[in-house]
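Based on the provided sequences and hints, a complete structural model is requested.
Number of protein chains: 2
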Amino acid sequence: MRFFLVLTKIVAALALTGQAQAKVKAFRGEIVHFVADPRTAGDLAMQHFADGLLLVDDGKVVGAGHYQDLAKDLTKATTVVDYRGRLLMPGFIDTHVHFPQTEMIAAYGEQLLQWLNNYTFPTERKYKDYAYARGQAKFFFDELLRNGTTTALIFATVHKESTDALFDEAAARAMRVIAGKVMMDRNAPDYLIDTAKSSYDDSKALIEKWHGKGRLLYAVTPRFAPTSTPDQLAAAGRLLKEYPTVYMQTHLSENQAEVAWVKELFPERKGYLDVYDHYGLTGSRSVFAHSIYLEDTEIKRMAATQSVASFCPTSNLFLGSGLFKLYPMLDANVRVGIGTDVGAGTSFSILQTLNEAYKIVQLQKQKLSAIQGFYLATLGGAKALSIDDKIGNFVPGKEADFVVIDPTATALGKMRHENSKTMAEKLFVLMTLADDRYVQATYVNGTLAYDAAKK
Amino acid sequence: MRFFLVLTKIVAALALTGQAQAKVKAFRGEIVHFVADPRTAGDLAMQHFADGLLLVDDGKVVGAGHYQDLAKDLTKATTVVDYRGRLLMPGFIDTHVHFPQTEMIAAYGEQLLQWLNNYTFPTERKYKDYAYARGQAKFFFDELLRNGTTTALIFATVHKESTDALFDEAAARAMRVIAGKVMMDRNAPDYLIDTAKSSYDDSKALIEKWHGKGRLLYAVTPRFAPTSTPDQLAAAGRLLKEYPTVYMQTHLSENQAEVAWVKELFPERKGYLDVYDHYGLTGSRSVFAHSIYLEDTEIKRMAATQSVASFCPTSNLFLGSGLFKLYPMLDANVRVGIGTDVGAGTSFSILQTLNEAYKIVQLQKQKLSAIQGFYLATLGGAKALSIDDKIGNFVPGKEADFVVIDPTATALGKMRHENSKTMAEKLFVLMTLADDRYVQATYVNGTLAYDAAKK
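As you go down the protein sequences, you meet chains A and B in turn.
Under this note's numbering, the first residue of the first sequence carries the number 1, and numbering increases by one thereafter.
Under this note's numbering, the first residue of the second sequence carries the number 1, and numbering increases by one thereafter.
The set of hints was computed from the structure by calculation and includes no laboratory data.
Just so it is clear, the structure is predicted and the values come from calculations on it, not from any experiment.
Be a bit skeptical, because a hint or two may be false.
Derived SDA-like pairs: lysine to any residue, alpha-carbon spacing no greater than 20 Å straight-line [to be verified]:
1. LYS367/A - MET104/B
2. LYS414/B - THR195/A
3. LYS60/B - ASP231/B
4. LYS263/A - LEU113/A
5. LYS421/A - ASP231/B
6. LYS60/B - VAL35/B
7. LYS365/B - LYS421/A
8. LYS197/B - ASP231/B
9. LYS367/A - GLN111/B
10. LYS128/A - THR195/A
11. LYS365/B - ASN118/A
12. LYS128/B - PRO189/B
13. LYS426/A - LYS421/B
14. LYS25/B - GLY85/B
15. LYS138/B - ALA171/B
16. LYS367/B - LYS421/A
17. LYS126/B - ASP168/B
18. LYS367/A - LYS421/B
19. LYS60/A - GLY42/A
20. LYS365/A - GLN256/B
21. LYS126/A - LYS421/B
22. LYS60/B - VAL81/B
23. LYS426/B - TYR108/A
24. LYS421/B - TYR119/A
25. LYS390/B - ALA45/B
26. LYS367/B - GLY109/A
From the derived model, a few chain A residues whose C-beta atoms are all more than 12 Å from chain B [as the list claims (entries may be wrong)]:
27. ASP58
28. ASP73
29. THR75
30. ARG146
31. ASP164
32. ASP202
33. LYS209
34. LYS213
35. LEU216
36. LYS263
37. LYS270
38. LYS300
39. ALA332
40. GLU356
From the three backbone atoms N, C-alpha and C, an ideal C-beta is built for every residue, glycine too.
Next up, the structure:
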């Protein structure tokens with residue numbers, strides 16, 4: 001409880017500063033955010049201000065609390081944006097998504113390896129053209145914001161042009177984005193492969209150009225073990241050593257045929273994760289999409305190396321990949337974030353992704369509460385990306401990325417919202433029934449970036 | 001091919017009748033419907049008129065074909081409703097849904113048996129009050145129509161009042177609906193049980209009152225074996241003998257704990273299906289929701305008795321029930337319909353239900369094509385309900401229940417619609433990405449019953 005009192009005092013102190021007041025933005029609504037993991041902090045993890053006020057200054061949160069506590073210190077110069085009846089939540093965080101696959105979402109019939117050959121590779125070829133890639137990046141970010149997603153860890157294609165296009169577009173929107181150029185030097189069409197050397201050189205140049213520029217961060221991005229030679233994986237490892245604050249993203253144990261293939265390609269390694277581990281690609285800034293078919297020793301190694309798993313429910317069902325073991329992973333102290341994995345995922349909506357996450361967990365006879373779900377989608381996602389010092393909740397000093405949710409956006413949702421008694425129930429209704437229609441507005445860095453009324 | 005020529009001639013003949021012309025309604029759009037099962041008829045199963053015309057007279061289809069073929073025979077008195085750029089499809093058919101559970105959709109955390117005790121039974125108690133039930137029935141049918149569903153096989157509650165309310169509301173909308181009062185005389189709260197005799201008497205009175213009245217049909221509705229005594233199951237069997245055109249609906253093998261419970265309660269029977277079979281509850285008008293954990297002998301018995309299975313994807317995932325074996329059932333010649341199973345299902349949308357059906361089939365390493373999916377949602381559903389002489393496609397003489405789909409309803413859907421090359425692809429995009437937003441209008445019996453522009 002002490003934490004809350006301290007927080008309130010900070011808020012009050014900031015709210016009282018006369019000079020800051022003039023440019024403070026104030027948003028009134030029902031505030032829900034997390035200050036800790038519900039699995040360890042229990043009821044203290046979620047803060048809920050039924051009539052709340054969120055204060056933002058220069059793109060940063062300066063306070064969040066009860067309206068009655070904070071409003072009295074506002075000067076007349078401060079306009080209060082009235083979102084009463086709406087929920088104000090931290091922006092959603094998508095820990096795995098492929099921007100060039102937006103245009104091929106909902107491609108029929110295949111499981112992972114054929115799906116890559118039949119749909120993905122021919123599509124990604126187009127992204128060598130910067131102008132084309134930039135246009136698609138615009139569409140992609142529009143979709144993210146329409147769905148309330150303000151941060152994502154993103155795959156570009158093998159082309160540096162697509163990576164530049166993605167970062168240019170993210171920079172234009174001042175979004176906190178982590179992304180990288182795919183490294184892929186075998187087992188893919190000729191038109192789509194680089195080499196160990198060119199991928200190292202291109203990635204290095206992109207890191208120098210983008211990592212830490214504004215809100216942008218770089219991720220070294222070997223697609224997955226089957227499409228990289230040992231030399232290329234070693235090159236990826238060298239980049240991580242040279243740039244210790246850079247991220248690493250790849251795929252791991254998504255599909256049983258894939259796992260078998262990796263064992264064939266790397267017979268000298270103990271298993272799939274060990275391939276990455278051997279080349280120095282595990283670590284606290286390494287995010288492994290899917291991580292479904294891990295053996296117990298691999299789960300332990302994920303935890304020991306502080307590596308992260310991205311849970312991609314709609315994709316894992318759509319490609320028939322399998323059921324992610326959420327609680328075994330969390331119990332082993334592996335950080336987990338939520339990922340849409342568009343284009344194998346079927347929705348940009350983190351809400352719909354939580355709907356299917358719940359179902360995957362239910363099929364394993366366990367329960368994903370809404371409290372835990374929304375935690376994973378916000379602060380948990382920020383922790384998974386080692387970025388919780390910057391985003392993920394409304395603690396003062398955090399970057400002001402947030403979403404305005406209208407829980408009455410559809411007749412069915414309105415009825416269930418109104419007959420729910422607790423915030424846990426209301427959140428569960430949202431994570432089951434809601435979609436982009438429920439996102440009324442999305443703010444990035446304190447600025448309105450999506451407004452449903454103006455779409 | 002002969003079939004198509006005959007059809008065209010019928011259309012032409014009807015279109016030429018002068019007298020009928022004055023009151024014929026004509027709808028121009030992209031027509032897609034099925035005249036056979038794609039599994040047996042292949043490419044001939046689906047008819048597609050890119051620029052099509054649908055002709056309706058007195059609530060019945062009188063023709064469907066190419067606009068250029070049919071338009072020239074229209075008189076000036078006929079107004080053509082212009083739905084160009086939209087798809088015209090037969091109304092969707094939901095083969096399993098509980099209207100009183102609408103208000104408890106998205107109830108957290110339980111699998112079947114606890115979910116019934118904690119959420120369902122307390123909710124259904126309220127439906128003894130006719131006025132309350134009627135109000136909820138209005139909301140329920142609004143949701144069906146908003147989602148393009150024009151026919152459903154529906155559970156009321158144990159109360160005859162709720163059943164009257166449901167039928168009164170369906171009658172007011174001239175909808176083709178099959179429904180029944182739940183029979184339940186044990187293993188449920190005192191406030192919610194009937195007796196073998198009262199359930200027989202009430203059901204009989206409801207059959208006399210509603211079965212065959214207008215477009216309404218009755219289904220004898222024992223909830224499931226665990227909540228009926230042998231006496232009550234025998235009473236249900238007697239009703240089916242006395243009224244051979246009446247339907248039967250119940251639940252079967254949804255959950256493993258349920259299956260084990262049935263074996264305890266009916267040790268004298270060979271298995272779960274055999275309980276129903278023994279009491280005369282199998283047959284061509286008997287629909288068994290879920291039917292997940294059937295043994296091979298049971299699947300064979302389903303086929304031998306011409307019994308029907310309702311596949312309820314969102315429910316089976318939401319309650320963690322398990323994976324319906326679609327192709328093993330179809331291969332065994334068991335008719336299958338699609339069901340939302342709201343309130344355990346998480347959507348009234350048959351489109352979203354197909355999205356999750358695909359995923360359940362994918363997890364079993366098989367493929368549900370959009371052609372097969374839309375067949376199951378329309379003509380296949382009508383066949384499952386032995387009602388394909390009346391609804392399910394646009395063959396002349398069928399009742400004119402249809403839906404107008406806007407495939408460009410969202411930015412993402414529009415992009416994918418426009419970059420898809422074939423109708424199979426376009427339909428797959430719809431069954432993966434679409435929801436009630438894509439339903440622009442729904443017609444019941446030839447009359448506009450839902451219009452998104454006026455919601």
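Exercise for review: Test the statement that LYS263/A is away from the interface with chain B: the closest C-beta pair must be farther apart than 12 Å.
Suggested key: Answer for LYS263/A: holds, closest chain B Cβ roughly 20 Å.
Check your understanding: Are the Cα positions of LYS367/B and GLY109/A separated by 20 Å at most?
Key -> holds (6 Å)
Point to revise | 20 Å Cα cutoff - pair LYS365/B, ASN118/A | key: Measuring from Cα to Cα gives roughly 17 Å; hence the hint holds.
Review point. Going straight from one Cα to the other, do LYS138/B and ALA171/B come out at no more than 20 Å?
Key: holds (11 Å)
Exercise for review: Below or equal to 20 Å on CA atoms is what counts here, so check LYS390/B against ALA45/B.
Suggested key: Since the Cα atoms of LYS390/B and ALA45/B sit roughly 18 Å apart, the hinted pair holds (cutoff 20 Å).
Exercise for review: Grab the minimum beta-carbon distance between ALA332/A and chain B and tell me whether it stays above 12 Å.
Suggested key: holds (22 Å)
Review point. Has the given pair, LYS25/B with GLY85/B, been kept, meaning a C-alpha gap of at most 20 Å?
Key: holds (19 Å)
**Study point:** 12 Å cut-off, C-beta based - LYS213/A kept clear of every residue in chain B
**Key:** holds (29 Å)
Review point. When you look at the beta carbon of LYS270/A, is every beta carbon of chain B farther off than 12 Å?
Key: At about 28 Å from chain B, LYS270/A clears the 12 Å cut-off, so the statement holds.
Review point. CA of LYS421/B to CA of TYR119/A, is that 20 Å or under?
Key: The hint holds at about 14 Å.
Review point. Does PRO189/B lie within 20 Å of LYS128/B when you go C-alpha to C-alpha?
Key: Distance of about 14 Å is within 20 Å: holds.
Practice item. Sort out whether GLY42/A lies within 20 Å of LYS60/A, counting only the CA atoms. Key: Given pair LYS60/A, GLY42/A is violated - Cα atoms ~27 Å apart, limit 20 Å.
Figure legend: structure checked against the earlier numbered hints; hints not met, in rising order: 2, 3, 5, 7, 13, 16, 18, 19, 30, 40.
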